[in-house]
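**Q** For reference, the chains in residue letters:
There are 2 protein chains.
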Amino acid sequence: MSGGPRIAIDAMGGDTGAAAMVAGVSRARRHDPSLEFLIYGDEKQVRRELAAHRNLEAGVQLVHSAEQIESSEKPSQAIRRARTTSMGMAINAVKEGKADAAVSGGNTGALMAMSKLALRTMPGIDRPALAALLPSLGKHDCVMLDLGANTECDAQNLVQFAVMGSAYARTVLGISKPRVKLLNIGTEELKGTDELKEAAALLREADYLPLRFDGFTEGDQLSRGEMDVVVTDGFSGNIALKTAEGTARFVTDLLRRAFKSSLRSKAGFALSRPALNLLKVHLDPNNHNGAVFLGLNGLVVKSHGGANPKGVANAVGVAASMVRNDITRKIGDDLDNFRAHAFANEAAQ
Amino acid sequence: MSGGPRIAIDAMGGDTGAAAMVAGVSRARRHDPSLEFLIYGDEKQVRRELAAHRNLEAGVQLVHSAEQIESSEKPSQAIRRARTTSMGMAINAVKEGKADAAVSGGNTGALMAMSKLALRTMPGIDRPALAALLPSLGKHDCVMLDLGANTECDAQNLVQFAVMGSAYARTVLGISKPRVKLLNIGTEELKGTDELKEAAALLREADYLPLRFDGFTEGDQLSRGEMDVVVTDGFSGNIALKTAEGTARFVTDLLRRAFKSSLRSKAGFALSRPALNLLKVHLDPNNHNGAVFLGLNGLVVKSHGGANPKGVANAVGVAASMVRNDITRKIGDDLDNFRAHAFANEAAQ
Numbered sequence: 129m130s131g132g133p134r135i136a137i138d139a140m141g142g143d144t145g146a147a148a149m150v151a152g153v154s155r156a157r158r159h160d161p162s163l164e165f166l167i168y169g170d171e172k173q174v175r176r177e178l179a180a181h182r183n184l185e186a187g188v189q190l191v192h193s194a195e196q197i198e199s200s201e202k203p204s205q206a207i208r209r210a211r212t213t214s215m216g217m218a219i220n221a222v223k224e225g226k227a228d229a230a231v232s233g234g235n236t237g238a239l240m241a242m243s244k245l246a247l248r249t250m251p252g253i254d255r256p257a258l259a260a261l262l263p264s265l266g267k268h269d270c271v272m273l274d275l276g277a278n279t280e281c282d283a284q285n286l287v288q289f290a291v292m293g294s295a296y297a298r299t300v301l302g303i304s305k306p307r308v309k310l311l312n313i314g315t316e317e318l319k320g321t322d323e324l325k326e327a328a329a330l331l332r333e334a335d336y337l338p339l340r341f342d343g344f345t346e347g348d349q350l351s352r353g354e355m356d357v358v359v360t361d362g363f364s365g366n367i368a369l370k371t372a373e374g375t376a377r378f379v380t381d382l383l384r385r386a387f388k389s390s391l392r393s394k395a396g397f398a399l400s401r402p403a404l405n406l407l408k409v410h411l412d413p414n415n416h417n418g419a420v421f422l423g424l425n426g427l428v429v430k431s432h433g434g435a436n437p438k439g440v441a442n443a444v445g446v447a448a449s450m451v452r453n454d455i456t457r458k459i460g461d462d463l464d465n466f467r468a469h470a471f472a473n474e475a476a477q
Numbered sequence: 129m130s131g132g133p134r135i136a137i138d139a140m141g142g143d144t145g146a147a148a149m150v151a152g153v154s155r156a157r158r159h160d161p162s163l164e165f166l167i168y169g170d171e172k173q174v175r176r177e178l179a180a181h182r183n184l185e186a187g188v189q190l191v192h193s194a195e196q197i198e199s200s201e202k203p204s205q206a207i208r209r210a211r212t213t214s215m216g217m218a219i220n221a222v223k224e225g226k227a228d229a230a231v232s233g234g235n236t237g238a239l240m241a242m243s244k245l246a247l248r249t250m251p252g253i254d255r256p257a258l259a260a261l262l263p264s265l266g267k268h269d270c271v272m273l274d275l276g277a278n279t280e281c282d283a284q285n286l287v288q289f290a291v292m293g294s295a296y297a298r299t300v301l302g303i304s305k306p307r308v309k310l311l312n313i314g315t316e317e318l319k320g321t322d323e324l325k326e327a328a329a330l331l332r333e334a335d336y337l338p339l340r341f342d343g344f345t346e347g348d349q350l351s352r353g354e355m356d357v358v359v360t361d362g363f364s365g366n367i368a369l370k371t372a373e374g375t376a377r378f379v380t381d382l383l384r385r386a387f388k389s390s391l392r393s394k395a396g397f398a399l400s401r402p403a404l405n406l407l408k409v410h411l412d413p414n415n416h417n418g419a420v421f422l423g424l425n426g427l428v429v430k431s432h433g434g435a436n437p438k439g440v441a442n443a444v445g446v447a448a449s450m451v452r453n454d455i456t457r458k459i460g461d462d463l464d465n466f467r468a469h470a471f472a473n474e475a476a477q
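From first to last, the protein sequence lines are chains A and B. Residue numbering for the first sequence is 129 to 477, as defined by the numbering used here. Residue numbering for the second sequence is 129 to 477, as defined by the numbering used here.
Incorrect hints may appear among the rest.
It does not matter which identical chain is used: a pair holds within one copy or between any two.
As the list claims (entries may be wrong) - Pairs of lysine to aspartate or glutamate residues, derived as EDC-like cross-links and limited to a Cα-Cα distance of at most 16 Å, are as follows:
#, residue 1, residue 2
1, K325, E280
2, K319, D335
3, K267, D381
4, K202, E317
5, K202, E316
6, K408, D381
7, K319, E201
8, K319, E346
9, K305, D335
10, K325, D342
11, K408, E373
Calculated directly from the structure, the hints in this document are not laboratory data. What you are looking at is a predicted structure, and each value in this text was computed from that prediction instead of being measured.
Just chain A, same shape as in the assembly (with noise of 0.2 Å):
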């Protein structure tokens, strides 16, 4: 029952407060009974949550955090509150050794800071990138990186990004060697920004990492099932996730409209709705919830502000198989290996 991951949990972070956050690991807790945990929040109104949770009784930690970072609070006043926040003694927990990974729902430009700093960027990393699994018509996810950490990124930075998402994809889909491409606006080599065909040349010849080039993608090609890894600058990587989050729910916001336009098409949606049930999961973000920061000396897990308790179980699943795969030791070795063929690449000109 106990002697797995140990979680860090920022309890105050998300949209819906404590309750969300609480029901969450109790679920994740049913789905994985080792789970351990280290809540951290205002000890009334958590305390109130976990009496609602049998299965929190024992391997639960509760430990009182005065104040919170809130949403709109910038990143530079947050890094100021890392001692007495929930969101910042979450993370020290990771830093201290107490947890093996932490998940927070708060404002992402604060954990992100707060991370930095805390953690540190592992050595041959000049930038920590958030990575998140992409629904695809594939057999599985599509790992997409980075989603908003990095507004500007030049080549190296790519690379380093199509390195950490292949550990990822890895360690947590599985695959040996995964087939990684690069976002831009053609697929042809002379397509789009100097850093992103400078970073296609680099992994065009970096054919010693784990991992398959494949060149340039599109957005219309994100969700075909076509590659494992696809890798961008921070911007268009967000630009990228929220549209189609928000195109999803438009087609879904026009289907049900188009349902409810007769009673015919009603009786249809009636019959029809095991079958749309199955789209609602797949399309569900809470189904897709948890990005990851890679890069860092720690984990730190990124849910969904207003995730519900399963997207925050699964937020907490997406930790527990990082900590398990052991993905920032692997990452490490990957980098030290690009390293060391760069170097002798160096050399040998």
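Start from chain A and add chain B according to the hints.
**A** Coordinates of chain B only, in the frame set by chain A:
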């Protein structure tokens, strides 16, 4: 029956060749018999297609072109073949005043380069932009630009795009003071690139323009109907547009699978079919076909390479509507206004 806009057609550019282009022209003519056409392409091929459409017997002039621009051709190569290719000749017809607008389904990069060289950018415009209508849940579609003409843009470019996009919304959608937003990765003022922040500051002050600047928006808001014009650099715009197209197809593919998953859901589908057809119409990219290059001294409309006759007719309709609304002059007036104010502000400082 005549005296309407004269549209130059590149009959050879699209993936489906002259057949779809000519059928689309015929369809556009059925909808608007006053349109006249100058069709450029292989004489034998086009003549055969014309023979299939009675309503193209008069008011259509066929001009033979010996060559055509290939879909993989570099813009730098294409511009050397302006005089001999169907694309180049259609654009030259606009330059020489023989046609009011050109429509092509060919290579976007080549079309852009050739149009820029032949027609030149308007005074006050540094770079033309590719604009199109995005479907939304609102009362009307949303104008989006740039969709891929400019990989990188500075603040001045973005402001000029806002002016051009607003002229589009005013003339074609009939909105007297369009609501304009800049696409970003957050709505707070401190989010995004320096270019975006500077463009926002400039637009916030430009209250003499016939537009209402509403700040930043994000990818998941694009189809919400809460703005009339969304402005972005061509890289992000292309990623967003293609991601939206891909996601819409992804969801409808899932929907198709869901309906086929059981006999019961197949029956439900049969019942709901008329309502679902409305959804199909709403999402069919052919119904949104026709992106226009704004900011040139002449109108050029890009039709999707794979457009069917309905799509081509739509692109022709966009061209005709732009001509009738004299959009080039209106953009010029707004730009004069913008520069006069900017100059007065500078003088006052």
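**Q** Give a verdict on every hint.
**A** Hint-by-hint comparison with the structure:
1. K325 to E280: Cα proximity of K325 and E280: in one copy and across copies (15 Å, 14 Å).
2. K319 to D335: Intra 22 Å, inter 37 Å, cutoff 16 Å: neither.
3. K267 to D381: between (27 Å within a copy, 15 Å between copies)
4. K202 to E317: between (39 Å within a copy, 11 Å between copies)
5. K202 to E316: This pair counts as between: shortest inter-copy Cα distance 10 Å, intra-copy 40 Å.
6. K408 to D381: both (12 Å within a copy, 13 Å between copies)
7. K319 to E201: Between copies only: 12 Å across, 38 Å inside.
8. K319 to E346: Only inside one copy: K319 and E346 sit 11 Å apart there, 25 Å across copies, limit 16 Å.
9. K305 to D335: within (11 Å within a copy, 55 Å between copies)
10. K325 to D342: within (13 Å within a copy, 35 Å between copies)
11. K408 to E373: within (13 Å within a copy, 19 Å between copies)
The structure shown violates just one earlier hint, number 2.
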